[in-house]
Amino acid sequence: MEEIVKIDNLSFCYPDGQQALTNVCLTVRQGETVALIGPNGAGKSTLLLHLNGILRSNGVVKIFGRPIDDKSLRWVRSQVGLVFQNPDDQLFSPTVFDDVAFGLINMGYSEAEVREAVTRALDWVGMAGYEPRSPHHLSVGEKKRIAIATVLSMSPEILVIDEPTSNLDPGSKWSLIGLLKRLPMTKIVASHDLELVRALCPRAIIFDHGQVIADGATSQILTNISLLAAHGLAPTRTCKDE
Amino acid sequence: MKHSFIDQYSDRDSFIHKLDPRTKFVTTLLFILVVVLTPPNRWPAFALYLIIIAILILLSTVPIRYILKRSLVIMPFVVMIAIFIPFFKEGEVAGSYNIWLWQVSVTYSGLQVLINIVIKAWLSILSLIMLTSTTKLPNLLNGLEQLRMPRVMAMILSFMYRYLFVLVDEVMRMKQARDSRNFGGKRLWQLRTIGNMIGTLFIRSYERGERVYAAMVARGFDGQSRTLDRLNFRPADAYFGVGLSLILILVSVASLLY
Chain S
0 MEEIVKIDNL SFCYPDGQQA LTNVCLTVRQ GETVALIGPN GAGKSTLLLH LNGILRSNGV
60 VKIFGRPIDD KSLRWVRSQV GLVFQNPDDQ LFSPTVFDDV AFGLINMGYS EAEVREAVTR
120 ALDWVGMAGY EPRSPHHLSV GEKKRIAIAT VLSMSPEILV IDEPTSNLDP GSKWSLIGLL
180 KRLPMTKIVA SHDLELVRAL CPRAIIFDHG QVIADGATSQ ILTNISLLAA HGLAPTRTCK
240 DE
Chain C
0 MKHSFIDQYS DRDSFIHKLD PRTKFVTTLL FILVVVLTPP NRWPAFALYL IIIAILILLS
60 TVPIRYILKR SLVIMPFVVM IAIFIPFFKE GEVAGSYNIW LWQVSVTYSG LQVLINIVIK
120 AWLSILSLIM LTSTTKLPNL LNGLEQLRMP RVMAMILSFM YRYLFVLVDE VMRMKQARDS
180 RNFGGKRLWQ LRTIGNMIGT LFIRSYERGE RVYAAMVARG FDGQSRTLDR LNFRPADAYF
240 GVGLSLILIL VSVASLLY
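Line by line, the protein sequences are chains S and C.
What the first sequence shows, in numbering that gives the first Met the number 0, is residues 0 to 241, in sequence order.
What the second sequence shows, in numbering that gives the first Met the number 0, is residues 0 to 257, in sequence order.
So here's chain S without its partners, still in its complex pose:
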């Protein structure tokens, strides 16, 4: 299978001197669904921001073997759809239609194509008919679905999602997981919701202190309790004793 994302020795330091990523190496193949799990502040979101060139640093991130640089940036952003954690950040337009159409219009599609793609994307996430609504008055679950539609409309090859199930009640959470399962493209999901990881992703990567700690089959990683506990993903012994 083709290597769709290849990260080779990526390090990143925030302007305030905080080291967020250290020598990250990672390969994702076409069609895979990969979970990026780790505690709060592990650097998951920072890593995701590197995948479509919002943050760029020394190491080389390659998409379909093509490094992200000024020349490939536009193309990379049409290939990698990034969904942010907080839908209130992702949805910034006065109406749902404007938001779903935003990326398409920036890519220079014609009006007919934009309308068709918006309808298709909203259909896909089960939000057909929401075009004229204002994002502010939707529920969190609806906002999350529309946030996903805003990148689906651009038909990306890779869908990168940051904490898709945060703030959702179990009903909305499981229907969102069902929706994500139906999407055919390559997916990278950052989360510490292990139920989601177990249900959606065959492969899991434990990420902590800006480094890849473990990378393997989800069934093996999620049964290694001592490894999970060491990285804030399972209760520690003292909690259980009580």
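If you are wondering where the hints come from, they were derived from the structure by calculation, not from laboratory data.
For each residue, glycine too, the CB sits at the ideal point set by N, CA and C.
One or more hints might be untrue.
Incomplete in silico selection of chain S near chain C, CB under 7 angstroms [unchecked claim]:
#: 1; residue: R76
#: 2; residue: D88
#: 3; residue: T94
#: 4; residue: Y108
#: 5; residue: S109
#: 6; residue: L221
Once you've looked at the hints, dock chain C against the given chain S.
Relative to the frame of chain S, chain C by itself:
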């Protein structure tokens, strides 16, 4: 948390609602221009303007109470500005008062100016409320853009429309968090808390701005903003625009000659 929209009632389905936002904006502007340029004390003209606006309100099916209530909210500002005029105008004195060292007198011509300003302001405000409560804000912005309003202004206004209530919600949550831990204290201490809350809100908004920008960049935003043209100018717009403009111009010319 739910808030009413700025453009409450804008999703109704009347003749006025269906007009193109550009038509409504231009006629509103013309209406205000004509009202402001009408010479003082031409009462028949002002009465006609009021009748025109009243007919439009009835056509739009927006509750009259709502429009009157909103117009009252803005009146104090107008009155605050205009209230001093009667004291400065020279002419026949209507009343004179001694306030400590100063002698203050109110003149008839000054009072007339005050009344004219209040009436003109109120008519203008009524027409603006009509515009905003019969037009969805996104459509209005779209129309303004096509009337060559700078794109940056339209974006700022559309972000305002989107995030105003997100911020209001945030303030309400902060207030609840404060009140649930507030056990009284000195006034100065409470003021400091409010200061801190404002600071926090500013920093949060600033950081939100950065995240929103990242979300825009992630979808190919390059500083150049583009929109789809989805307004259509129909024959009804032409009839309404031309008709109302003619009536307004007729009234204003008549009031000049009168």
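Hint-by-hint comparison with the structure:
About 5 angstroms separates the beta-carbon of R76 (chain S) from the nearest beta-carbon of chain C, less than 7 angstroms, and the hint is met. Given the 7 angstroms rule on beta carbons, the hint for D88 (chain S) holds: about 4 angstroms separates it from the nearest Cβ of chain C. Given hint, T94 (chain S) at the interface with chain C, holds; its Cβ is 5 angstroms from that chain's nearest Cβ, closer than 7 angstroms. With a least beta-carbon distance of about 10 angstroms to chain C, the hint placing Y108 (chain S) at the interface is violated under the 7 angstroms criterion.
At about 10 angstroms, the closest approach between the beta carbon of S109 (chain S) and any beta carbon in chain C exceeds 7 angstroms, and the interface hint on this residue is violated. Hint on L221 (chain S) is violated. Least Cβ distance to chain C is approximately 30 angstroms, over the 7 angstroms limit.
In summary, the numbered hints that this structure violates are 4, 5, 6.
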